[in-house]
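Given the sequences, and given the hints that come with them, work out the whole structure.
Residue numbers (the numbering used here), protein chains in the order written: chain Z, 1 to 266; chain R, 1 to 104.
Hints were generated in silico from the structure; no laboratory data involved. Hints are not guaranteed to be accurate.
[To be verified] Below 25 Å or equal to it, Euclidean Cα-Cα: the simulated DMTMM-like pairs (lysine to aspartate or glutamate) are: (1) Z:Lys-131 x R:Glu-37; (2) Z:Lys-131 x Z:Asp-100; (3) Z:Lys-131 x R:Glu-30.
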Amino acid sequence: MDEGSRPGLVRLAHLPPGVLRDIALVWLADAVVGVSFGAIAVAGGLPVWVPVLMSLLVYAGSAQFSAVGILTAGGGPVAAAATGLLLNSRTAAFSLALADDLGRSWTARLIGAHLITDETAAFVLAQNGGKQRKAAFWISGIGLFVAWNLSVLAGALAGSALGDTDRFGLDAAFPAVLLALVLPALRADSAARRASAAGAVIAVVAAPLLPAGVPVLLALLGLLAARRGPRHPRRPRRPRRPRRPRTDRTDRTDRTDHTTAPGSAS
Amino acid sequence: MNATLACVLALAAGTYVFRLAGPALHGRVELPARVQELLTVGATVLLVALLATGAFTEGQGFAGWARPAGVLVGGVLAWCRAPFAVVVVGAAGATALLRLAGVH
Numbered sequence: 001m002d003e004g005s006r007p008g009l010v011r012l013a014h015l016p017p018g019v020l021r022d023i024a025l026v027w028l029a030d031a032v033v034g035v036s037f038g039a040i041a042v043a044g045g046l047p048v049w050v051p052v053l054m055s056l057l058v059y060a061g062s063a064q065f066s067a068v069g070i071l072t073a074g075g076g077p078v079a080a081a082a083t084g085l086l087l088n089s090r091t092a093a094f095s096l097a098l099a100d101d102l103g104r105s106w107t108a109r110l111i112g113a114h115l116i117t118d119e120t121a122a123f124v125l126a127q128n129g130g131k132q133r134k135a136a137f138w139i140s141g142i143g144l145f146v147a148w149n150l151s152v153l154a155g156a157l158a159g160s161a162l163g164d165t166d167r168f169g170l171d172a173a174f175p176a177v178l179l180a181l182v183l184p185a186l187r188a189d190s191a192a193r194r195a196s197a198a199g200a201v202i203a204v205v206a207a208p209l210l211p212a213g214v215p216v217l218l219a220l221l222g223l224l225a226a227r228r229g230p231r232h233p234r235r236p237r238r239p240r241r242p243r244r245p246r247t248d249r250t251d252r253t254d255r256t257d258h259t260t261a262p263g264s265a266s
Numbered sequence: 001m002n003a004t005l006a007c008v009l010a011l012a013a014g015t016y017v018f019r020l021a022g023p024a025l026h027g028r029v030e031l032p033a034r035v036q037e038l039l040t041v042g043a044t045v046l047l048v049a050l051l052a053t054g055a056f057t058e059g060q061g062f063a064g065w066a067r068p069a070g071v072l073v074g075g076v077l078a079w080c081r082a083p084f085a086v087v088v089v090g091a092a093g094a095t096a097l098l099r100l101a102g103v104h
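Dropping the structure here:
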């Protein structure tokens, strides 16, 4: 509340030691991905402005990759936009989780909204306290936006000179980055662990069967697993009402009236 | 209008609306503590699902063994509280080495 009431008060000093270095490494890792995105798009036959404009306006790595993949494979612009939107619908959940951390002014909210990504969400969730979260959001978000767009431009201009980036194992870097980022939250919270484990299994099993984007959303069913367990101590139970006489219950279960349709009895 | 441009603009507009949901509703709707907690856990669940599908799948198929093995190496390093750079380089390096060795 207090620090959020005055905009523009994000300071580097609000970040715990080491976090800025971690953030900078994500900028670097994403820049490498950005270069390969630009290169792949242009190598696939798209003009340079498509990856560049997409990175500025859409600004969501996985959706951009899938949209460009569909466009270059001849899947058509409608399918490309629909798949990208499906993939990005998860950012609505992130934006609800991060709403407190952008600041209170409308400028901060309108600009900050555009900077909400998987990475910024992960960095914010790894921090405790309003100041740290706000600093983590804006510092990681602005830097990532700059790094992503510059690297996509560079990749698009360099074209296909890079060759196959899978050779460098870079495709393993992004999942590993996410894993390192969510690990603190998973260590601290057993409900998050259960929900995430269930969600990950659901998503991986569903991935071959459903269109891109749906499996990850389906993982939210894992939240049902978080509802059980000791994390949310229930309010002390009220003393139970005395049970009804047992004869009453046996009376109901022993009923042999088959004329009523199933389900209508209750 | 160019169809590709229309695709980019539609995708951009829709994505921005998703992103604005939280900040726009903020202050107008008071979310119960239970729901806020659920949203935080939900964000973690989405990130883990994203990393799991990213590690194991490529398109609709299996990504091969080299990538999940590399991610696992990164995960073990992160679990041992290795610096972030070591995690990233470890994951990419392990995957690259496995591919070099013929494991795909």
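Checked against the structure, which of the hints given earlier come out wrong? none
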